[in-house]
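Engineer: Now for the letters of each chain:
2 protein chains.
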Amino acid sequence: MMNLKEISDLKSNYLHEMFKIMNFSEKEWEVVNGLNLFRYFKKGSYLLRNGQFSETSYYVIKGCLVSYYKIDDEERITDFYAEKDLFTPSCITTKKPSTSYLVCLEDSLVSIGNPENEKIMLDNFPRFEQLCRISTEKSLLKQRIEFDQFKFASSEERYINFAKTRPSLLRRVPQYQIASYLGLTPQSLSRIRRRLLKVEVKSENIAV
Amino acid sequence: MMNLKEISDLKSNYLHEMFKIMNFSEKEWEVVNGLNLFRYFKKGSYLLRNGQFSETSYYVIKGCLVSYYKIDDEERITDFYAEKDLFTPSCITTKKPSTSYLVCLEDSLVSIGNPENEKIMLDNFPRFEQLCRISTEKSLLKQRIEFDQFKFASSEERYINFAKTRPSLLRRVPQYQIASYLGLTPQSLSRIRRRLLKVEVKSENIAV
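Same order as they appear, the protein sequences are chains A and B. Those letters in the first sequence? Residues 1 to 208, by the working numbering. Those letters in the second sequence? Residues 1 to 208, by the working numbering.
Isolated chain A, as found in the complex:
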């Protein structure tokens, strides 16, 4: 659990970062401060459910969210959102209710985006549009690279790649959820981990 001091520090760091990127004027700064951007959610909170319509995006300042959908009552993990990751609901583009869930894996401090905030930002800073476009283009490319890597990787390579690119999640996320995210059964993920551990012990390069 985060205490009030920590939350307050995280908020002001976030605004400070935003200030640097956007190069705000005094007036713009006031507008942003008035936006009521922050939300704090307890572990286990549902931010979105199958069948709900939502146009709220979540930028994770601290914490971890997981998105999944259900097939035959089984969770299929589509992604994890930790520090500096942005979740955008499909509803914004499809204009239909969500088919997936978004849940807090940890107590999480997030900054929210929604059509009202967006309108205020765009009316006050037209250059915000460009920032959004560039950030969306970056997300598109990142996802493209992940997809390509996933497609051509063996199960073992997928796990190694995940461990390399998102090492903090290895500690924070239950193993069965990592397995689902990687499109593996929990059993085959266990086998892969045992095999890798043996290799590491042999090479005296023991994982901590």
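I should point out that these hints are in silico values taken from the structure, not numbers from a laboratory. Among these hints, one or two may not hold up.
Each pair may be met inside one copy or between any two copies, as identical chains are not told apart.
With a straight-line cut-off of 27 angstroms between C-alpha atoms, the simulated DSS-like cross-links for lysine-lysine are [to be verified]:
{"hint": "1", "residue 1": "Lys43", "residue 2": "Lys11"}
{"hint": "2", "residue 1": "Lys95", "residue 2": "Lys151"}
{"hint": "3", "residue 1": "Lys70", "residue 2": "Lys142"}
{"hint": "4", "residue 1": "Lys95", "residue 2": "Lys138"}
{"hint": "5", "residue 1": "Lys164", "residue 2": "Lys96"}
{"hint": "6", "residue 1": "Lys20", "residue 2": "Lys95"}
{"hint": "7", "residue 1": "Lys164", "residue 2": "Lys95"}
{"hint": "8", "residue 1": "Lys142", "residue 2": "Lys95"}
{"hint": "9", "residue 1": "Lys20", "residue 2": "Lys96"}
{"hint": "10", "residue 1": "Lys151", "residue 2": "Lys70"}
{"hint": "11", "residue 1": "Lys164", "residue 2": "Lys43"}
As the structure is a computational prediction, the values presented were derived from the model and not from experiment.
The hints should help you fit chain B onto chain A, whose structure is shown.
Structural biologist: Just chain B now, with coordinates in the frame of chain A:
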């Protein structure tokens, strides 16, 4: 091969569509007409190679492109771009040379985007920025859905899904390239196709 009449009709249809979407004024229309947007490439032309730096995007008006990268001299197909698909090079975001190739599978008429065109468009129509953002958001979601479907699908489901969502490519693309795109060997794709054909013959629902 397309003849001059066909190319000219395709161009004017494309501009007409763009005109409707953008709701151009007379002056804006002149700007767009002066942009020199169109290129015609013969089958087999390379539009991008590993190691090249390019910020040119290609919107396919007619034809088909394929993007791939090479691992141990083997082509790994990342995507196909047919009518109304847009290819954007990773260089734009990474500012590094491309790691993949882009080749024409058919004679292709495309409309190009590059930083110079983009600047002219943005200077003349600021609302173009928003159109770009919305279109990038749509691409992001489309890719997200494809990725999720791919991750949780069996080989057979992947093929069926491809055949459903991009039926015209089944006829236009060599089977070994479809196999690579689906992350399968050509042999397993053949097996899947034979199995599906049997099912279809049994149910008297014969594919054409």
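Engineer: Each hint needs a verdict: does it hold in this structure or not?
Structural biologist: A quick look at each hint next to the structure:
1. For a Cα distance limit of 27 angstroms, the shortest separation of Lys43 from Lys11 inside one copy, 19 angstroms, qualifies, whereas the shortest one across copies, 55 angstroms, does not.
2. Taking identical chains as interchangeable, the C-alpha atoms of Lys95 and Lys151 lie at most 27 angstroms apart only when they sit on different chains, with a minimum of 24 angstroms there against 29 angstroms within one chain.
3. Taking the shortest Cα distances, Lys70 and Lys142 sit within 27 angstroms of each other both inside one copy (25 angstroms) and across copies (19 angstroms).
4. Taking identical chains as interchangeable, the C-alpha atoms of Lys95 and Lys138 lie at most 27 angstroms apart whether they share a chain (23 angstroms) or sit on different chains (12 angstroms).
5. Within a single copy, Lys164 and Lys96 get their C-alpha atoms only as close as 36 angstroms, which misses the 27 angstroms cut-off; across copies the closest is 22 angstroms, which meets it.
6. For a Cα distance limit of 27 angstroms, the shortest separation of Lys20 from Lys95 across copies, 22 angstroms, qualifies, whereas the shortest one inside one copy, 34 angstroms, does not.
7. Taking the closest pair of Cα atoms, Lys164 and Lys95 come within 27 angstroms of each other only across two copies (23 angstroms); inside a single copy the shortest separation is 36 angstroms, beyond that limit.
8. In the homo-oligomer, the alpha carbons of Lys142 and Lys95 lie at most 27 angstroms apart both inside one protomer (24 angstroms) and across protomers (14 angstroms), since each shortest distance falls under that limit.
9. Taking the shortest alpha-carbon separations for Lys20 and Lys96, only the inter-copy value of 25 angstroms comes in at or below 27 angstroms, while the best intra-copy value is 36 angstroms.
10. In this assembly of identical chains, the alpha carbons of Lys151 and Lys70 lie at most 27 angstroms apart whether taken from the same copy (22 angstroms) or from different copies (14 angstroms).
11. For a Cα distance limit of 27 angstroms, the shortest separation of Lys164 from Lys43 inside one copy, 26 angstroms, qualifies, whereas the shortest one across copies, 40 angstroms, does not.
The structure meets every hint from the earlier list without exception.
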